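*Asks:* Turn these sequences into a full structure, and let the hints steer you where they fit.
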Amino acid sequence: MRRLITLALLAAINMLTAAEPRKIFDYPYQQHDFPNGLRLFTVPTDYPNIVALYIVVNVGSRNEVEPGKSGFAHFFEHVMFRGTKKNPPQKWEATMKAAGAATNAFTSDDLTAYHATFSKQGLASILELEADRFQNLEYSESLFRTEALAVNGEYNKNSAAPTSKLNEKMRETAFDAHTYKHTTMGFLADIKAMPDQFAYSREFFDRFYRPEYTSILVVGDINPAEVKALVEKHWGGWQRGKYTAAIPAEPAQKAERKAQVDWQVPTLPWLAVAYKVPAYSDSDKETAALDLISALAFGPTSPAYQRLVLQEQKVDVLAGGAQQRVDPYLFTIYSRVKAEKDVDAIRESIVSTLNGFKDTLIEAKKLDAVKNNLRYQFALSMDNSEAIADALARAVALRRSPETLNRLYALYDQITPEDLRNVARKYFVESGRTVVTLSGPKAK
Amino acid sequence: MKKLALFSFLISATLPAIEVVAMPGQSPLIQFRFVFRAGAANDPKGKEGTAALTVGLITGGGTKSMTYQQVLDAMYPMASDLERQVDKEMIVFSGSTHIDNLDAYYALVRDALLTPGWREDDLKRVRDNLKNAVRLSLRENNDEELGKELLYSLLYKGHPYGHLSLGNLSSIDALTMADLQAFYQTHLNQANLTIGIAGKYPAGFVERMTKDFAALPKGKPSTVKLPELAPLKTTQVTIVQKKTRAVAYSIGYPIDVTRSHPDFPALLVANTWFGPHRSSGGNLYQRMREIRGLNYGDYSYIEYFPRGMFQFEPDPNLYRRGQIFQIWIRPVEPPTAHFALRLALFELERLIDKGLTESDFEATRDFLALNVNLLMKTKSAELGYAIDSKAYGIPEYTSYLQSALKKLTHEDVQKAIRKHLRKDRLQIVAISDNAEDLKKQFLADAPSPMKYNASKPGDILEEDKLVSTKKLGWKPEQITVVPVESVFQ
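Chains as they are written, first to last, in the working numbering: chain B, 1488 to 1931; chain A, 26 to 514.
Hint data in this document are derived by calculation from the structure and do not stem from the laboratory.
Keep in mind that this is a model prediction, so the values were computed, not measured.
Certain hints may be false.
Among the chain A residues that face chain B by a calculated CB cut under 7 Å, a handful are [claimed, not checked]:
#1 Asp98
#2 Ala99
#3 Met103
#4 His123
#5 Asn154
#6 Lys156
#7 Ala158
#8 Glu165
#9 Asn166
#10 Phe335
#11 Asn396
#12 Thr403
#13 Asp470
#14 Pro474
#15 Lys476
#16 Asn478
The calculated DSSO-like cross-link candidates involving lysine-lysine, where the alpha carbons are at most 27 Å apart (straight line), are [stated by the list, open to error]:
#17 Lys444(A) <-> Lys250(A)
#18 Lys1715(B) <-> Lys1572(B)
#19 Lys268(A) <-> Lys1679(B)
#20 Lys500(A) <-> Lys465(A)
#21 Lys1607(B) <-> Lys432(A)
#22 Lys1679(B) <-> Lys476(A)
#23 Lys72(A) <-> Lys1578(B)
#24 Lys1745(B) <-> Lys1572(B)
#25 Lys156(A) <-> Lys1801(B)
#26 Lys1745(B) <-> Lys1845(B)
#27 Lys149(A) <-> Lys1828(B)
#28 Lys1607(B) <-> Lys465(A)
#29 Lys432(A) <-> Lys1828(B)
#30 Lys156(A) <-> Lys1929(B)
#31 Lys1607(B) <-> Lys476(A)
Heads up, the beta-carbon is just placed ideally off N, CA and C, and yes, glycines get one too.
*Replies:* Right, dumping it as structure tokens:
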């Protein structure tokens, strides 16, 4: 074990100081592909005693292609806690509890992830327990219907925040055909209808909860060979499926779109300005260039931030950028504006700031500051096994490999001021823009 | 065992008056915690929010030699910043940096804390941010956190804990630069300060920090006298009228138990069985959400746990000499609001009457002994817990809890429940779009039967009969409706 500890430490230290090539994810991980399509990553770290297990299924709200089924991937995440014949929920809870585990799950556009962080003694029993629910999930219609209500409760608790509605409206307005049109929570009407979808839920399980969609990440105080043997034993017999969702392609947007949300409760106005941008890529420079632009244009050292937040103090939130997605999505800048009368001017400032990148080449020094920021930000977030597993899970959702992180960060290093100009000219166009505003009741 | 060995490396340097908790290690990520034993409890009367605004200006403003923009420009390439937390009796400045940038980062933090810039334009922005945090982030856009904070304010009325740590909208408006400077001079002193540091920092670094921070006034401890709280004579219900989809509840009362109290481990076991934070394993969660689908989750607490909707582990350095027992019912659909409250109270009564079974006690005790390691999963948290343990006067938290759990008996837990928890004289806060109607339902005390969208086992239906007809017995003077606009005004 001591050798591994030293290796992991060296990896972390070298991350920022070694000569080329500088790998951002430099942990000594192993990847193992099983014949059934299941993929295992083991990452020993020097954080003692703790193991973080993430099971990532490459299914999310992006796969919800059928009408009336929005929100189902997330709903199914809840259903996965309803047990099996061998391990009903209480037994599942008891096994997790015996390992001192903290457990949860989350769903996004492109992934559903189930995670547990626990004391290393629990690893064998938890890998067996999880293998059972991924292969043999079984629940009654009655429990299924009850769980649908908990999802409705989740919608309710989210609904007090105006940004939830702002995002809902943005997707609805910006997309016509692609499933990114709906949020991961789903349309409210579909959430209300969830209790009646029992038969469909079985089909959903059969389609997506299959080894070829699934990656297991085990990070922490582990012996990789032991982990591999355990996964082989409990997950090796899982049968491959044969379903692929046909995700509709989004047609090119022809003109600027606008929408307004009338919020019932007093709030400062919100503004979201979005542009259609390409899917995540770690092989061409566009994703990397857009990430750098968001930081240069609206980060805390940008001229726009300096003027709008610090000097004129007209907004108290100014942030955003491109979110990494499997299919083409949005580059969105959010702002909370302190006075309703300034909303139009702030929208103009955001648009003209991005337009500025089409003509003006950014100084190399500023570009370097952002590149450094991205590397140190990543390094500083890798401060425990769970955080490492979490970062890895998000990479696995995109490319099923941590190498995508290394490729992306290598691209950041290569980006030139000209690359920024090119990507700005290509994507910050009026016909690709969607603007959504949200404001509270007019003052009496 | 590893934890114990590690703790023995701690150096409690007492070169000048400043306490240091140092955890030297091999990580290139250097963690800092500057913790002052002062906070919102030291806000002068009528000047609520002074601690929060002072600290906000220190982290969100420039220094004597640099404008805030220059500070941001310097911090940005290192991806570091200086974070803050202001609670009743602790103020924390925390941050981390890669060892590559240690000197530059430390210089920025040192200057921020020792030579703040006190600029009016920074104050204007930071004041706006603070008011927006109260008005928007809390009062108008977050029903659940609103309910919890209001519960504290009601329980501690007239007490140094009795106002929102962020301050009230009107008091924040009235604060002047001189108020903030006076707070800084009086409370951010050496007597109140503990510096925490972890990572592969160089030899002599701790001495350098203690020498630098000796520039702060020596000062006196800021500990204020906490008066006895007037006990609640009856249950009090406060319903906040607010446009919202669902009904959120917070329920609680002060308890005598903090980490300093010998019954803390016993009560922690009881609470961890009843309503562990954001865990599906708790009894309350099982009865309310899993079996009945009433909402997204239901939890209970014996220590202050702000921002619970955004995080799974509590933040350290929220040391308090007084804590409350609290139940958090996440928003329920309005037609089930009456039933949900009855069920929460029914489960609380069952906890007090029956306690835990022997096997539940054992499973929860064993869970906690392992789970405590997860609280320390980052070095920053480990530093924070070490500083809290000093404040509470207990050994390092992991070993303290693990050794206490070893000695704990089932009877200890049952006794602690009976001694410290109760089923009556509660403060209840509800957030509802139909406050008057909810009040009418409570006063009518009529049955509130549950209708399900699926069949339920017979024992649940039987239990529902008891729950839905459970008499609350409240009188009109026990229920107050308040408009949301008046809260934290």
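*Asks:* Please check whether Glu165(A) passes as an interface residue: C-beta within 7 Å of a C-beta belonging to chain B.
*Replies:* holds (5 Å)
*Asks:* Does Lys1679(B) sit within 27 Å of Lys268(A), going by the straight-line distance between their CA atoms?
*Replies:* holds (21 Å)
*Asks:* Less than 7 Å between beta-carbons is the criterion; does Ala158(A) satisfy it with respect to chain B?
*Replies:* violated (10 Å)
*Asks:* Need the status of pair Lys1607(B), Lys465(A): alpha-carbon distance at most 27 Å?
*Replies:* Violated, at about 53 Å.
*Asks:* Given Asp470(A) was flagged as interface, is its beta-carbon under 7 Å from a beta-carbon of chain B?
*Replies:* violated (25 Å)
*Asks:* Is the straight-line distance between the alpha-carbon of Lys149(A) and that of Lys1828(B) 27 Å or less?
*Replies:* It holds: about 20 Å lies between the C-alpha atoms, which stays within 27 Å.
*Asks:* Under the criterion that the straight-line Cα-Cα distance not exceed 27 Å, is the pair Lys72(A), Lys1578(B) satisfied?
*Replies:* violated (53 Å)
*Asks:* Within a Cα-Cα threshold of 27 Å, do Lys1745(B) and Lys1845(B) meet the stated pairing?
*Replies:* Measuring from Cα to Cα gives roughly 23 Å; hence the hint holds.
*Asks:* Once the shortest beta carbon distance from Thr403(A) to chain B is found, is it less than 7 Å?
*Replies:* At 5 Å from the nearest chain B Cβ, Thr403(A) passes the 7 Å test, so the hint holds.
*Asks:* Has the given pair, Lys432(A) with Lys1828(B), been kept, meaning a C-alpha gap of at most 27 Å?
*Replies:* violated (65 Å)
*Asks:* Double-check His123(A) for me: the hint is only fine if its C-beta lies closer than 7 Å to a C-beta in chain B.
*Replies:* For His123(A), the interface hint holds, since the closest Cβ of chain B sits about 5 Å away, which is under 7 Å.
*Asks:* Could you check if Asp98(A) really has its C-beta closer than 7 Å to a C-beta on chain B?
*Replies:* Check passed: Cβ of Asp98(A) comes within 5 Å of chain B, closer than 7 Å.
When each numbered hint is compared with the structure, violations occur for hints 2, 6, 7, 10, 13, 14, 15, 23, 24, 28, 29 and 31.
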